[in-house]
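Protein chains: 2
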Amino acid sequence: MTTRAIDRARAAAVDMLRTARVAVRPDEIAAMEVTDLGLGDFKTVGIQVLVYENNDRYCAKELILLPRQTCPEHRHPPISARNAGKQETFRCRWGEIYLYVDGEPAPKPKARIPAKYASLLTARHEIVLKPGDQFTLPPNSLHWFQAGDKGAVVSEFSSTSTDENDVFTDPRIRRVQG
Amino acid sequence: MTTRAIDRARAAAVDMLRTARVAVRPDEIAAMEVTDLGLGDFKTVGIQVLVYENNDRYCAKELILLPRQTCPEHRHPPISARNAGKQETFRCRWGEIYLYVDGEPAPKPKARIPAKYASLLTARHEIVLKPGDQFTLPPNSLHWFQAGDKGAVVSEFSSTSTDENDVFTDPRIRRVQG
Numbered sequence: 133m134t135t136r137a138i139d140r141a142r143a144a145a146v147d148m149l150r151t152a153r154v155a156v157r158p159d160e161i162a163a164m165e166v167t168d169l170g171l172g173d174f175k176t177v178g179i180q181v182l183v184y185e186n187n188d189r190y191c192a193k194e195l196i197l198l199p200r201q202t203c204p205e206h207r208h209p210p211i212s213a214r215n216a217g218k219q220e221t222f223r224c225r226w227g228e229i230y231l232y233v234d235g236e237p238a239p240k241p242k243a244r245i246p247a248k249y250a251s252l253l254t255a256r257h258e259i260v261l262k263p264g265d266q267f268t269l270p271p272n273s274l275h276w277f278q279a280g281d282k283g284a285v286v287s288e289f290s291s292t293s294t295d296e297n298d299v300f301t302d303p304r305i306r307r308v309q310g
Numbered sequence: 133m134t135t136r137a138i139d140r141a142r143a144a145a146v147d148m149l150r151t152a153r154v155a156v157r158p159d160e161i162a163a164m165e166v167t168d169l170g171l172g173d174f175k176t177v178g179i180q181v182l183v184y185e186n187n188d189r190y191c192a193k194e195l196i197l198l199p200r201q202t203c204p205e206h207r208h209p210p211i212s213a214r215n216a217g218k219q220e221t222f223r224c225r226w227g228e229i230y231l232y233v234d235g236e237p238a239p240k241p242k243a244r245i246p247a248k249y250a251s252l253l254t255a256r257h258e259i260v261l262k263p264g265d266q267f268t269l270p271p272n273s274l275h276w277f278q279a280g281d282k283g284a285v286v287s288e289f290s291s292t293s294t295d296e297n298d299v300f301t302d303p304r305i306r307r308v309q310g
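Order-wise, the sequence lines are chains A and B.
Okay, so the first sequence: first residue is 133 according to the working numbering, each after it adds one.
Okay, so the second sequence: first residue is 133 according to the working numbering, each after it adds one.
Calculated directly from the structure, the hints in this document are not laboratory data.
There's no promise every hint is true.
Identical copies carry no separate label here, and so any pair may be met within one copy or between two of them.
[As the list claims (entries may be wrong)] BS3-like cross-link-like pairs, simulated, lysine-lysine; straight-line CA separation at most 30 Å:
#1 K282 - K175
#2 K193 - K262
#3 K248 - K262
#4 K193 - K282
#5 K262 - K282
#6 K282 - K248
#7 K282 - K242
#8 K175 - K240
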């Protein structure tokens, strides 16, 4: 992404946090991760992430998705004999989020699935999260999510985050740490 | 606490969450822990807790403190050879919180320390948390905190929570699970 595109995305995310009344500090805004996950199609596939805390025991982040932006399908695989992979809880704080996991497919999904990504978004069981709703994903479960028309602010509570271990369905994606 | 006192405290906490724009569900409100920690002095010593998630790897809660309410001094001791005790991060979402840990005492603490509890609030190093500010406590460190004049909403991110293991400085306190 160009510096200008990153700056614009960051400004849009900050606007959304302000609307959602989520207090963040200037140093957190400066450190916000803005990524298109290497696909060069930021408005459709991308995410903004504020890492509040990530230590060897737990992690907490705020995820900000612009309107209809999609975090592409991935899973958090086992990383050691004692670590079955990252377990995570998504709690919708503002806006709306459509989360997809393995299971009975939604007959009419609320997400807009672009044809060019359809084969890379294989999980089709739908979980709709509105403000106050949350869902906990077991380790190693495939998932992807898309924000609704207004975008979304989602708190992620989890075990330790090691993004470099994430496995994406789309082989072109390499997770870049911000 | 009487049922009526609990209902009033819960209603005040819900009002504060609404002012802070923190979305919570009706079933979460019904399950909210409201406790005076057994001291029968709720306006001075007590806390309201929403447990969003507590599993064998991590925990996330929203703590609500009424104006000038104090969570009394305690620590989270080691509970096994592999668990050094609960580690936790407090992030102020709304209002103001005065957190006290071991270290250089504040010459003029912002908390109001009632004379009858002064000997039971031994940690006097002050950390002021305003919205967006956070602090991570190492396991087994003594701490207590008081909300400012408006009260406070604080997100707690932590390792697994096992309240029954908490050690309070005041020997009269027995932590009761809500």
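Results of checking the hints against the structure:
1. K282 - K175: within (13 Å within a copy, 40 Å between copies)
2. K193 - K262: both (18 Å within a copy, 18 Å between copies)
3. K248 - K262: within (27 Å within a copy, 45 Å between copies)
4. K193 - K282: Both, since 20 Å and 26 Å are each at most 30 Å.
5. K262 - K282: This pair counts as both: shortest intra-copy Cα distance 12 Å, inter-copy 28 Å.
6. K282 - K248: Classified as within: same-chain Cα gap 23 Å, cross-chain 51 Å, threshold 30 Å.
7. K282 - K242: So K282 and K242 pass the 30 Å test inside one copy only (13 Å; across, 40 Å).
8. K175 - K240: within (23 Å within a copy, 51 Å between copies)
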